[in-house]
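S.K.: Model the placement of chains B, C and D with the ligands on the given structure of chain A, informed by the hints.
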Amino acid sequence: MKVVVVTFPGSNCDQDCHRAVELSGGEPRYLWHRERGLSDADAVILPGGFAYGDYLRAGSIARFSPAMEDVVAFARQGGPVMAICNGFQIACEAGLLPGALMRNRTVRFHSFDQYLRIETTDTMWTSAYEPGQILSMPVAHAEGNYEADPDTIDRLEEDGRVLLRYVDATGATSEEGNPNGSARSIAGIMNEQGNVMGLMPHPDRAMEAVVGSVDGRGVFQSLARHLNGPGAK
Amino acid sequence: MTRYQLEVRVVPRTGLLDPPGKAIHHALHSLGYLGVEDVRVGKTIFLQIDAPSGREARGRAEEMCRKLLSNPVTEDYEVSVLGEGEVQDGTDS
Amino acid sequence: MTRYQLEVRVVPRTGLLDPPGKAIHHALHSLGYLGVEDVRVGKTIFLQIDAPSGREARGRAEEMCRKLLSNPVTEDYEVSVLGEGEVQDGTDS
Amino acid sequence: MSSAATEVTPRASDPEITPELVADHGLSTEEYERILAALGREPTFTELGVFSAMWSEHCGYKNSKRLLRLLPTEAPWVIEGPGENAGVIDVGDGWAVAFKIESHNHPSAVEPYQGAATGVGGILRDIFTMGARPIATLNSLRFGDLDDGRVRYLFGGVVKGIGDYGNCVGIPSLGGEVYFDRGYEDNPIVNAMAIGLMRSDELITGAAKGIGNTLMAVGARTGRDGIHGATFASEELSEENEAKRPQVQVGDPFTEKLLLEASLELIGSGAITGIQDMGAAGLTSSASEMAGRAGNGVEIDVALVPVREARMTPYEILLSESQERMLVIAETGREDEVERILRKWELEAAVIGQVTDDGMFRVLENGTVVADLPSLPLTQGCPTYERPGVESKEVEELRKRDLSHVSSSHGDLTGQLLDLMSSPNLSSKRWLFQQYDTTVRAASVIRPGGGAGVVRLPGTRRGIAATTDCNGRYCFLHPRRGAAIAVAEAARNLVCVGAVPTAVTNNLNFGSPLKPAIYHQLREAVLGIAEACLLFETPVTGGNVSLYNETDGAAIYPTPVIGMLGVVEDVERVCRHAFTRTGDAIVLLGTNKGEMGGSEYAYVLHDLVAGDPPGVDLLAERELQRAMIAMVQEDLLGSAHDCAEGGLACTLVESALGNGERSFGIDVTLTDEMAPVPTLFGESQGRIVVSCRPERLAHVIELAGSHNVPCVQIGQVSAPEGSFRIRAGTSGVDLPVRDLADAFFGAIPARMDSPAEATPAPDA
Ligand SMILES: Nc1ncnc2c1ncn2[C@@H]1O[C@H](COP(=O)(O)OP(=O)(O)O)[C@@H](O)[C@H]1O
Ligand SMILES: [Mg+2]
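Protein chains in written order, with our numbering: chain A, 15 to 247; chain B, 25 to 117; chain C, 25 to 117; chain D, 127 to 890.
Extracted from the complex, chain A is given alone in its bound form (with noise of 0.2 Å):
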């Protein structure tokens, strides 16, 4: 699989994440915010990091790069697209996704290994998992709350699109295991056709056990399996 990681100038997971699909098998290159060209791409992650500082607003910037433009084009002609943190909230500033990321409920940055509980399997991105699967993963943001009017969170509870929810150490939601106050703790969601996933926590730091978790990799392996599989392209 090629993959295409988008970097921005404050984007300081890109490396990471490059990395990540190494690690997976796969090749990846990066593209350069004020470049173009996603024709030899079989997916695109928009990574983590403070894209143009964040200042105003995590993402609000980043969606007016012209390296952005290719990659809505590419999301609405079905390439799969993996938003991580701050590539999560560009995603829902250049409407990707629905829904924005707010402040922390607790208004500081927050990092640390946090519980997450797979909710769907049958995606794209989540395949390589077992259903209702408990993982941990760093989490570091400030701006990770999902919020979206109540209609826009049931109907993405309905279409079965919410992968990821916050949960405490018993893989149960809890007040206490929503860290940042998300709405109905959710950690991550994808697009309605499915082919554009963000979430808050960073599968691409949980890649290897010698630096605590390996649970990210089955993100990239289920991207992997579909890429591969007998219906891609």
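It is possible that some hints are incorrect.
[What the hints assert, rightly or not] Below, simulated DSBU-like cross-link-like pairs (lysine-lysine); rule was C-alpha separation at most 30 Å, straight line:
1) D/K555 to B/K46
2) C/K67 to C/K91
3) B/K46 to C/K91
4) D/K286 to B/K67
5) B/K91 to B/K67
6) C/K67 to B/K67
7) D/K641 to D/K526
8) D/K555 to D/K719
9) C/K67 to B/K91
10) D/K191 to D/K335
11) A/K16 to D/K470
12) D/K470 to D/K335
13) C/K91 to D/K286
14) C/K91 to D/K555
15) B/K46 to C/K67
16) D/K719 to D/K526
17) C/K67 to D/K286
18) D/K191 to D/K641
19) D/K519 to D/K719
20) B/K91 to B/K46
21) B/K67 to B/K46
22) B/K67 to C/K91
23) D/K641 to D/K519
24) B/K46 to D/K286
25) D/K555 to D/K286
26) D/K470 to B/K91
27) D/K519 to D/K191
[What the hints assert, rightly or not] Covered by chain D, per the in silico footprint, the following chain A stretches (three or more residues, Cβ under 8 Å):
28) 27 to 34
29) 222 to 233
[Claimed, not checked] Selected chain C positions facing chain A (Cβ under 7 Å, derived; list incomplete):
30) P43
31) P44
32) A51
These aren't lab readings, by the way, just hints derived from the structure by calculation. Heads up, the beta-carbon is just placed ideally off N, CA and C, and yes, glycines get one too.
M.R.: Here is chains B, C and D with the ligands on its own, set in the frame of chain A:
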């Protein structure tokens, strides 16, 4: 061309949760300000815009709000023209 | 007791670097808004305060600014009373 | 030496050079005489400002330079010692590491958020201007009592400032330390350390090489931030409202991130020959130091420097400390290439001058020479002083104070343990480091929360371990021993994870060296560091000196913070501080001597900072280090944790609780022949608590014995969520481990949830 001073206020939409507002509310209560009943926190953006008319300047600012300065999902905005005049002292950043 | 709506504006002191203002300015230029000459970013805090008089409400808000809402070293503040009245719809956070 | 050819024109608005003005610039009469001799004429106002900055304590190391020469700086693995922007060591596999620590104490006292943020910014620039990509930061902090509202304001602001800056740039925090003690009431300490990685043959230095090469100002524009120079008067300034002159530098981490990437790309392109941060004393120090290092001169026209505000004077432009700026020396003819790289990163670059062959630091304003100074006296000629040092009687008395009532005190030991674990000094620092991104770059093998942190080097199994340590109370009571303990503790923290201690950076935070009692502390502390570093073969490759940390004549505790790096051969084999298995043997390496002087127990339970601090046997430490490294490399251990503040009991609590994932009960019996308080809470050095499978115990004991390290089993790890039980003679502690967890993890959050006060800073 005149230089207009505008103020853009971007505020969290009513009904939506406002974590900074809530945190400040909590802190004010802890400091003993019990009469505080609600706190909401927004952003104020002061713009200096060169435009042929105040109307034009305001129109541009409103466009900027829709495009960049506010998030349509979570925020409302309001533009007001504060004044007009000559180029100020001090260059920009 | 009346409930007063107040607005507190907190702005970075002149001469200090304002990274958010700088970033927005830059972004607006890239979007083609070349007439924008300066951008500065501050906070607006809306308070509802129950107090016996508007003067009292404003006095308290000013005290809150000194104690909590503004940074005495880097920011200036300004308090204005927007209105008074009954308890609004939708209660606080 | 000075070239007679150039005419220096005083500016019309310059104030007259009077003895008062000279004094206001922090220069003594004798120092001013030296300037006159070096110039052969009177300096202009601009020149006086330049000299005053370069001969300040910060740039000139007036009162510390002679002492710093006592530190060992050499070893085969040292690539770059003190003197450059950062030290550089070879860590194997073709990799080198640049690292340094820097203080931002005073700015943080005035504005904690920006002060701390810009401190991080500065130290990162020192690293990437060496051509190294920052891979980790640490921070060493000191505040007053956390029960005080203003202290909470300072602490909260500093932590957020460090976090927001480092998180945005994308550098993981690997660790650090924080202490709360009245000794730092009005003078917080904020020291930031950074570590960067490069190929060992890719070093670039801050030297202005190549006559005719071009000087370029890069990055943010220059504003009137942080201009020192006391109460000078200039026409331009008095026009404005003096009160509005900004005293605070504001950090812009996004611009820093761009500068970081642009600098590394510039260095990689070969289009530049030198690069340096415009840090303290801004353009003046960067330009003159770069000229000085290459033995060349520079010529700058300040009118070409991009400014943020109108009508800035040469004095202001030369001395501004606006953040996120760099000075770059471009090869002649490759300026366009430099500009192209900077434009890619959306940064400004301006040609402001060139490298000359006459050894002069020459400044023009629109072509008119406003300063023309020989660079050598400027950068090397700062007079250095050796001062009289005498120990203060008061401290001597405190040290000799009899603490037998503390040792023999009785009472509820379980309650006392809970009190200690709820002291912010001993409680978990989770509240703080959870605001720092610790996992970005996906290479953090051991994150904050135990002892040393470990980060993996890309494409290898090798890692770098890092720690910062210093107990200011020990240093106050016995500066030389306290400083040696700081080095020994740092090394112990490193060997606990399995790293070989390799090199040191240090930050000397002290009061005014003009006072004999303080100068005594400074000299003694340097001697203590020197002795320990020499013995441990951990050369000092750099550091920072922060003096005059005083308010109303009251100085901070002498605080020589040690930042130490170690090399880990195999990151798959590191050892952590938390117990891992029920049934494991708990083993103590080293001996308890029951020392209570300067202890946390005496502070928390008797409100005392007194007594003779623990002794330190450096040779025994050395043996202990070797034994520990061998044990970790042979994979014998389940955990290892150094005994520090709070003594053995607190070490056992920390190992039982880990970072809160899982808590183990323990069953420990101590048979030392001393009273329970020193048995549990004495702070003897040279001790490490390890745990291992019972079947490996014999091997552990044998290995310790072969290094002459005392080693006994003291108990075992019991069930998760079980009882935490230590018997010491006829008394002891016994409580559910859950209660300890509540105290340990709850202490700082509980305090930080109560309101802080943001009253104006004392000197704002
Ligand atoms: N200011 C800080 N920043 C980051 N991590 C910190 C800070 N203070 C403490 N820590 C982390 O908390 C843990 C415990 O600190 P400390 O008690 O000083 O450890 P030790 O006694 O082993 O030196 C360490 O992992 C340390 O890195
Ligand atoms: Mg320590």
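S.K.: Please write out, lowest number first, the hints stated earlier that are contradicted by the structure.
M.R.: Nothing - there is no hint that the structure violates, so all of them hold.
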